[in-house]
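> As given, the protein sequences belong to chains Z and S, one line each in that order. Take the first sequence: its letter number 182 is residue 182 in my numbering, and every next letter is one higher. Take the second sequence: its letter number 154 is residue 154 in my numbering, and every next letter is one higher.
Hints are supplied without guarantee of correctness; some may be wrong.
Pairs count within a copy or across copies, as identical chains cannot be separated in the list.
The calculated lysine-lysine pairs, modelled on DSS-like cross-linking and capped at a C-alpha distance of 27 angstroms, are [as the list claims (entries may be wrong)]: (1) Lys2 <-> Lys124; (2) Lys22 <-> Lys2; (3) Lys124 <-> Lys36; (4) Lys36 <-> Lys144.
Just so you know, these hints were derived from the structure itself, not from any lab. Quick caveat, the model's predicted, so the values are computed rather than measured.
What follows is the residue order along each chain.
There are 2 protein chains.
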Amino acid sequence: MKLYTYYRSSAAYRVRIAMNLKGIEYDSQAVSLLDKVHKSAPYLQANPQGLVPALELDDGSVVGQSTAILEYLEETHCNTPLLPADPAHRAQVRSLANTIACDIHPLNNLRIQHYLRDELGADKSQVDQWYARWIHTGFGSIEKELGQGNGSFCFDDAPGMADCYLIPQVYNAIRFNVDIDQYAAILSVYNHCNTLEAFQRAHPDQQADCPSS
Amino acid sequence: MKLYTYYRSSAAYRVRIAMNLKGIEYDSQAVSLLDKVHKSAPYLQANPQGLVPALELDDGSVVGQSTAILEYLEETHCNTPLLPADPAHRAQVRSLANTIACDIHPLNNLRIQHYLRDELGADKSQVDQWYARWIHTGFGSIEKELGQGNGSFCFDDAPGMADCYLIPQVYNAIRFNVDIDQYAAILSVYNHCNTLEAFQRAHPDQQADCPSS
């Protein structure tokens, strides 16, 4: 399988973590969002959605959207499950993941920041406030849910699907200087997951397309 | 099961369609977003995320996030599957659904419109342009994918998970006067699904909390 990725894309970061946790070997093809390679004709041919990540399967078909990719990996590589067995527990994990995937990340990605700045005339402070608002709104409810956990992972005692979403989102919050000190349970999970090799290898700084690597 | 719903919430609309397609009986409890009931203490007690929809299971636990709810229903009510059997096809359907759930809907919901207006000083025309931009960006890629289909449903020849997302999103686009005449494949699926009773009963106008009903 080939993963179209970009080192700083937090949706790609989710998939890299899941691939590593499941021990799936894959080829990486970097798609620079900064250089707008995701809008180039060859990439749009492969993935008409024009976004990263996308996963090219062995039959040549391409799956876009990180959540669809993660569910696909879960269904086809069952040895290391990232969802618990009980449907109600699975729903709880997916709900956490979707709070990030739907209620935080889409509001803060690069194209939105550009729109706010270029088309609505927002200044840097207004863009920063926008960014922080959706982090705080989402993290507020996630913190309550994680507060009932053991501080190591989002659910139970093994890394799972919600951790694949949370760790990249915390990384983003830190990168954009959002003060998240109040979220003790979230930070505990973040710090614990980052002691694991699967998360470390998926980190933006460890990617071949990271300028400093 | 009890569904916390709001007639115009397009995420709740998705769940209502799925419940109807699967023939699941449920109680509805209306949560008025207009009256900010979703931010009231009793509702936050039930669903700390403070959003609709949420599904209260028979054991009293509450699942938030429409995507988590739909996956839960798919896993627990298998008689009328909303996802195809083949993992690559399932990924294709989920990718379509997530384009709406992540790349269109979160950018256009009420809290975002309020933020643009109240905190960034956007006027009505700017909010309308914002709204239309994300519809067109998402519908552009969805139209390409649906153009390869049969014009009745998003995937194959039965209503499925992607239709649960698409029909409410088209309803929203029409309600906000976005010109979507160019999306022939999307409109074909929209019109066909709306001939089915499961979609008709889930429509905002048919809900008990709809002011005109």
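> Checked against the structure, which of the hints given earlier come out wrong?
As far as the earlier hints go, only 1 is violated by this structure.
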